[in-house]
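Chemist: Residue-level listing of the chains:
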Amino acid sequence: MRVIKDKAVVNDDWCLLRELDNDASIPEGNVILPFAYWQANRDELLKGDTKHAVWIDGAIETEALLDDLEHFSMIALDFPAVKDGRSYSHARLLRDRYGYEGELRAIGDVLHDQLFFLKRCGIDSYELRADKDPEDALRAFDDFTVRYQAAADGAVPIYKLR
Amino acid sequence: MYKYDNYDQTIVDERVAQFRDQTERFLAGTLSEEEYRPLRLMNGLYIQRYAPMLRVAIPYGLLSSEQLRMLAHISRKYDKGYAHFSTRQNIQYNWPALETAPDILADLASVEMHAIQTSGNNIRNTTSDQFAGIAEDELEDPRPYCEIIRQWSTFHPEFSFLPRKFKIAISGATHDRAAVKVHDIGLYLVENDVGEIGFNVFVGGGLGRTPFIGTSIRPFLEKQHILSYLEAILRVYNRFGRRDNIYKARIKILFNALGKEDFSRQVEEEWSHIRDSALKLDQKEIDRVKGFFAAPDYDKNAADNSSFETARESNNAFSNWAKRNLYPHKVPGYKAVVISLKAPDAAPGDATDEQMDHIAALADQYSFAEIVVTHDQNLILQNVKQSDLFSLWEKLTEKNLATPNIGLLTDMICCPGLDFCALASAGSIPIAKQINEKFNDMDYLHDIGDIKIKMSGCVNACGHHHVGHIGILGVDKKGEEHYQLTLGGSAESDACLGDRLGPSIPKEEVANIIAKLLDVYVELRQEEERFLDTYHRVGITPFKESVYPKAPVKEKVYASN
Chain A
1 MRVIKDKAVV NDDWCLLREL DNDASIPEGN VILPFAYWQA NRDELLKGDT KHAVWIDGAI
61 ETEALLDDLE HFSMIALDFP AVKDGRSYSH ARLLRDRYGY EGELRAIGDV LHDQLFFLKR
121 CGIDSYELRA DKDPEDALRA FDDFTVRYQA AADGAVPIYK LR
Chain B
1001 MYKYDNYDQT IVDERVAQFR DQTERFLAGT LSEEEYRPLR LMNGLYIQRY APMLRVAIPY
1061 GLLSSEQLRM LAHISRKYDK GYAHFSTRQN IQYNWPALET APDILADLAS VEMHAIQTSG
1121 NNIRNTTSDQ FAGIAEDELE DPRPYCEIIR QWSTFHPEFS FLPRKFKIAI SGATHDRAAV
1181 KVHDIGLYLV ENDVGEIGFN VFVGGGLGRT PFIGTSIRPF LEKQHILSYL EAILRVYNRF
1241 GRRDNIYKAR IKILFNALGK EDFSRQVEEE WSHIRDSALK LDQKEIDRVK GFFAAPDYDK
1301 NAADNSSFET ARESNNAFSN WAKRNLYPHK VPGYKAVVIS LKAPDAAPGD ATDEQMDHIA
1361 ALADQYSFAE IVVTHDQNLI LQNVKQSDLF SLWEKLTEKN LATPNIGLLT DMICCPGLDF
1421 CALASAGSIP IAKQINEKFN DMDYLHDIGD IKIKMSGCVN ACGHHHVGHI GILGVDKKGE
1481 EHYQLTLGGS AESDACLGDR LGPSIPKEEV ANIIAKLLDV YVELRQEEER FLDTYHRVGI
1541 TPFKESVYPK APVKEKVYAS N
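First to last, the sequence lines map onto chains A and B. Here the first sequence is numbered in my numbering, starting from 1 and rising by one per residue. Here the second sequence is numbered in my numbering, starting from 1001 and rising by one per residue.
Just so you know, these hints were derived from the structure itself, not from any lab. This structure is a prediction, so every number in the text was calculated from the model and none was measured. A few of these clues could be false.
[Stated by the list, open to error] Restraint-style ranges between C-beta atoms, simulated for each label pair:
1. B/Glu1529 / A/Asp109: 52 to 58 Å
2. A/Glu135 / B/Gln1365: 37 to 43 Å
3. B/Asn1256 / A/Asp142: 50 to 56 Å
4. A/Ser25 / B/Asp1476: 53 to 59 Å
5. B/Gln1283 / A/Leu46: 56 to 62 Å
6. A/Lys5 / B/Asp1244: 29 to 35 Å
7. B/Asn1006 / A/Arg18: 41 to 47 Å
8. A/Arg18 / B/Thr1030: 23 to 29 Å
9. A/Lys7 / B/Ser1277: 26 to 32 Å
10. B/Asp1447 / A/Asp109: 57 to 63 Å
11. B/His1073 / A/Arg18: 49 to 55 Å
12. B/Gln1283 / A/Met1: 45 to 51 Å
Here a beta-carbon is modelled for each residue, glycine too, at the ideal position from N, C-alpha and C.
One chain only, chain A, in its complex shape (with noise of 0.2 Å):
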């Protein structure tokens, strides 16, 4: 999978599964559960010492992961459509609210243009749509040099500086 972090395309081996009969047997590999899976077959899951990754999307509460934060070092946020922004407010929750330190990546239809405000909101991987070119969406990570309020990034209301 070619993802954007760190402002560059890496290669990584995460696989995503978009879906998984909770009975099914988990395949080899770092793979991306959906998160009814991982409620499914929580017990059992939680018998290994290594972290797992989920994903999920609007429809699912923040909350619902309360308990389970420090089991995952990967939370991906799908973003359905574009103009589904739902997921925008589940990483601020994430990072800002619940203290969640792990990765956070964007899925779905994720475009160039929505890359600098998923990045304000905390996430810190991109999965940019398989027919675009991730390197040449960098540069949206520059398209602001200033913002005008705080938010996940560490940014301060821009009045602060004046």
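Since the structure of chain A is already known, use the hints to place chain B on it.
Modeler: Using the frame of chain A, we list chain B on its own:
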């Protein structure tokens, strides 16, 4: 008025570069039509019936003369020499070429203007009272808070893809001139028991297909918490607002589905986590922004000059204009002047490049170089000395800008309608023309007095028909333009939605039927009653009977309208 510093200027300059890049990618084919759409909309660029339309933000309606000159220049250079002021205090260009939009934005940026978030599912221009800063009934000037909200909401990373558009309005006066209660969030500056000033927060107002008057969810909010409270409301909306149906996606639907109690509980719960975060405003920042809106250097002796009264007595036309188009000012010897963009032969809210240049020059000469766009699509010079009124009036007359009809029947709110808009079901501008032709007797109009006609060419209600004293809604009835009338609406302090008069009427009958309604009013009015007052006293029946003399037709037959 607010002046950009390097930070503000950098943001609009970088925005121009970003939008130029987006547009180039679209023209080169690397961005599809579908992918480009939300990006251009976030920048106010629509593709309309005949051409693109670009909506430019005029934050809380306030313009410098330099900015107005640039708006005139843009209409000349990139458009057909005119533009349209909207009910949200913005301006719209109806004929720009898509390829030139980045250049237009660059021109705008050169005078501290932009088109950021003038469309799309994000937080739009915060609107306000057109007499903010000078009204006698003002508790506090709302514009500093509008500016603080403008900055907070600009490119807000979490709230740029909301379920639907989001509109905020603020009033600081006793009388609501900003239609606050028909906004997604409406804020009134109010005083509490111990003399502190804060906000009464209304949520869930709005027009469109399912109109609602907003509800207060927090009668008093301390000023320093305004941004954290807005963020709490927006977060609840962004998470839980409906996204499955565009017509049920506004916050009013969520609010009414949850009910006031549950909605407020969720907002307060969210707020409890963020109220003391970086969102909490410093008094220093409030004071800094307030500094930009300090009163201009008024002439202390302005009230001594009595030439205004003399001119009124000797010139009937000037007197009529002074009666309708002036508004009281808190400083003795000054008036606010409403420049009517509702001349009988013009499309309501339109101004030509020449008129805009002319008004800019008059603002320089008479009103501290500032102009305000009103919610009812006129322009205002807020600070005119009474000794200058006569010469100002003469100069306005030269460019057809002194129609003495403010607040009268022909001072209509009107959307672009079928003449421009891709969403429209029927024309609005031709109806305005019909009304102007029918009611061309100024004495009659002055006798009818205050009345608000508001007209929308479709159910999306850009012309606010629900809250017109007489509302006119264009509908498509089997391919023909028909009009649905409502009576008794108001967007002011007594905000309420109009009642439907009856079945829709054919296009050619609209002005005639308004004449019948006015006859009923003239017959039944008592003393100083306005049309709206009489309507609320006597109810809909006499009006209905005058228009539909036969047996009433069942409403539901027309529900498909």
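Chemist: Go ahead and decide if the range 52 to 58 Å is satisfied by the Cβ distance of B/Glu1529 to A/Asp109.
Modeler: 57 Å, holds
Chemist: Hint says 29 to 35 Å; check whether the CB-CB distance for A/Lys5 and B/Asp1244 agrees.
Modeler: 33 Å, holds
Chemist: Could you check the hint for me, namely that A/Glu135 and B/Gln1365 are 37 to 43 Å apart, CB to CB?
Modeler: 56 Å, violated
Chemist: Take a look at whether the Cβ-Cβ distance between B/Asn1256 and A/Asp142 falls inside 50 to 56 Å.
Modeler: Cβ of B/Asn1256 to Cβ of A/Asp142: about 43 Å, so the range 50 to 56 Å is violated.
Chemist: B/Gln1283 and A/Met1, beta-carbon distance inside 45 to 51 Å?
Modeler: For B/Gln1283 and A/Met1 the Cβ distance comes to about 50 Å; the hint holds.
Chemist: Given a hinted range of 41 to 47 Å, is it respected by the beta-carbon distance of B/Asn1006 and A/Arg18?
Modeler: 46 Å, holds
Chemist: Assuming the hint says 56 to 62 Å, is it satisfied by the Cβ distance from B/Gln1283 to A/Leu46 or not?
Modeler: 50 Å, violated
Chemist: Holds or violated: the 26 to 32 Å window for the beta-carbon distance between A/Lys7 and B/Ser1277?
Modeler: With a Cβ separation near 27 Å, A/Lys7 and B/Ser1277 satisfy 26 to 32 Å, so the hint holds.
Chemist: Just tell me: holds or violated, for the beta carbon distance of A/Ser25 and B/Asp1476 against 53 to 59 Å?
Modeler: 58 Å, holds
Chemist: Does the Cβ-Cβ separation between A/Arg18 and B/Thr1030 fall within 23 to 29 Å?
Modeler: Given about 26 Å between the Cβ atoms, the range holds.
Chemist: Is 49 to 55 Å right for how far apart the beta carbons of B/His1073 and A/Arg18 are?
Modeler: 52 Å, holds
Chemist: How does the Cβ-Cβ distance of B/Asp1447 and A/Asp109 compare with 57 to 63 Å: does it lie in that range?
Modeler: 60 Å, holds
Violation of the numbered hints given earlier is confined to hints 2, 3, 5; the remaining hints are satisfied by the structure.
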